[in-house]
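Please put together the full structure from these sequences, using the hints given.
In the order they appear, the protein sequences are chains A and B. The C-terminal position of the first sequence is numbered 224 in the numbering used here, with every residue numbered one higher than the one before it. The C-terminal position of the second sequence is numbered 1207 in the numbering used here, with every residue numbered one higher than the one before it.
If you are wondering where the hints come from, they were derived from the structure by calculation, not from laboratory data. One should not assume that every hint holds.
[Stated by the list, open to error] The calculated label-pair distances, taken between Cβ atoms and stated as ranges, are:
| hint | chain 1 | residue 1 | chain 2 | residue 2 | range |
| --- | --- | --- | --- | --- | --- |
| 1 | A | L92 | B | G1097 | 29 to 39 Å |
| 2 | A | A170 | B | V1168 | 50 to 60 Å |
| 3 | B | A1041 | A | R146 | 43 to 53 Å |
| 4 | A | R146 | B | P1103 | 46 to 56 Å |
| 5 | A | V187 | B | S1064 | 24 to 34 Å |
| 6 | B | P1103 | A | K72 | 53 to 63 Å |
| 7 | B | A1100 | A | L92 | 55 to 65 Å |
| 8 | B | G1097 | A | L42 | 54 to 64 Å |
| 9 | A | A170 | B | A1100 | 20 to 30 Å |
[Claimed, not checked] Now the stretches of chain A that chain B is said to cover, found in silico as 3 or more residues with beta-carbon under 8 Å:
| hint | region |
| --- | --- |
| 10 | 43-56 |
| 11 | 207-220 |
Backbone N, C-alpha and C fix where the C-beta goes; we use that ideal spot for every residue, glycine too.
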Amino acid sequence: MRHKQPLVFAVAGLGLASLGIAGCGISGKAPPNAGQAASVNLSLQTVPTIRSVTVSPASASFGTCTGGLASKNTHSTGGKLGFPNGHCFVGLATSGIYPITITNTGIASAIYVNGTSANPSDGGSQWILCRKDGHGAPACTRADGRLPGTDQYLVENFSSAGEQRAGIGATPACDPEFVASGRCWAVQGESQNEGIELVGPWSSTDTSTKWTLTITWTPVPSHG
Amino acid sequence: MHLRLRLSAALGVLLLVAVPVAAQASVGVGVQAGPVQLSGAAHPGGTYALPPVYVVNTGTEPESVAIRIERISPGTGRTVPQAWIHVSGLPSSLGHGQSARIPLNLVVPAGAKPGRYFSDVVVTGSADLTAGSAHLGVAAATDLEFRVVPGAVSHAWFSVPPWVLVAVAVIVALSLALLLMLRSGTSIRVEQATAGAAAGSGGGRAA
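Dropping the structure here:
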């Protein structure tokens, strides 16, 4: 008889627990005299929290190429870059033509810009992006760093705010053309019209005549 | 002569109208502004599912997106190595205004140094619009943050299916009940009465 007590307690506990679980199902039923519950549906809208950018070329293409050596038949012609150190433009700073529009379509952000190596159509040796100050890209090796050396090239973007003289690097960095608010900061809807100047290499190892490169704009969080 | 002038003027107006229409094509990409964070701490040797990152095509052209890990924005902590973040489920293409949530997995090597890690998740839109031989690209960045602490990898409960947890709980409860019974000395005896005996005893009561 003494030994049966724990079993009785266990069974009783299980029964109580079962009652408790079952009770959960009926506890929500309102008493007969209780008032009816009423509710109201509310909706709320928030501002978008997306960081985004759009880039729109306005019939942009490299043209107005100058420089090179006519005596060696390697001078620039029309939209073709010459050697050594020919220049080609998308837009024209002297005429105030800035064909590329960069718009911050998201929340306020810092707008960064960077470039890539130039790839020849035959898949051979690339041209490496260089900068005059050597920050974020190798330093240009001709004319005391002012001009690209062999298999190097320089890209400068410009706008009505001025020209990025040191050049665009391979690592994303603050685009100084977004200077209206300082620190390359752009609020939602703010845009900038820009052009691009490309300075070609002193000489090219690869003999391809078609090259591709990419300039990328990136909105970046700022913790300042 | 006048007709030629008028035709030229009309052509000029047509070009002025046509150029802005062509210029409306744009490439764009967006990413969630909120940082991608691991809810708890990571341990060396562990693999963790990061919250999926939201990306959207804000341009007018269909584009595919790529994700890379790069330290761009200012912040403190160790730089997250690209190899630690595994990206899966990238959509082949996103139309104008379309969005997707891209799953990310954090794989921390066994020899990882403890501390706070910080980098950016950089989403690149690849619908490059060609300008001569220059492609104009877009990207958008958001923070990536997590902590690595020393210690063994603790497998999260949420990684086990719920039915397994219920089954384990039932087995443990039954085992405890059985143990309790054995320790208290209680025994359950099952008796089976034969039909004849039952009838006999029943008849006896009737008498």
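Cross-check of the supplied hints:
1. A:L92 / B:G1097: 29 to 39 Å: 34 Å, holds
2. A:A170 / B:V1168: 50 to 60 Å: 54 Å, holds
3. B:A1041 / A:R146: 43 to 53 Å: The hinted range 43 to 53 Å holds for B:A1041 and A:R146, with Cβ atoms some 50 Å apart.
4. A:R146 / B:P1103: 46 to 56 Å: 47 Å, holds
5. A:V187 / B:S1064: 24 to 34 Å: 29 Å, holds
6. B:P1103 / A:K72: 53 to 63 Å: Holds, at about 56 Å.
7. B:A1100 / A:L92: 55 to 65 Å: Between B:A1100 and A:L92, where Cβ atoms are some 39 Å apart, the hint is violated.
8. B:G1097 / A:L42: 54 to 64 Å: At roughly 28 Å between Cβ atoms, A:L42 and B:G1097 fall outside 54 to 64 Å, so the hint is violated.
9. A:A170 / B:A1100: 20 to 30 Å: 28 Å, holds
10. 43-56: It holds: at least three residues are needed, and the region 43-56 of chain A offers 8 whose Cβ sits within less than 8 Å of chain B.
11. 207-220: holds (count 11)
Hints 7, 8, counting from the list given before, are not met by this structure.
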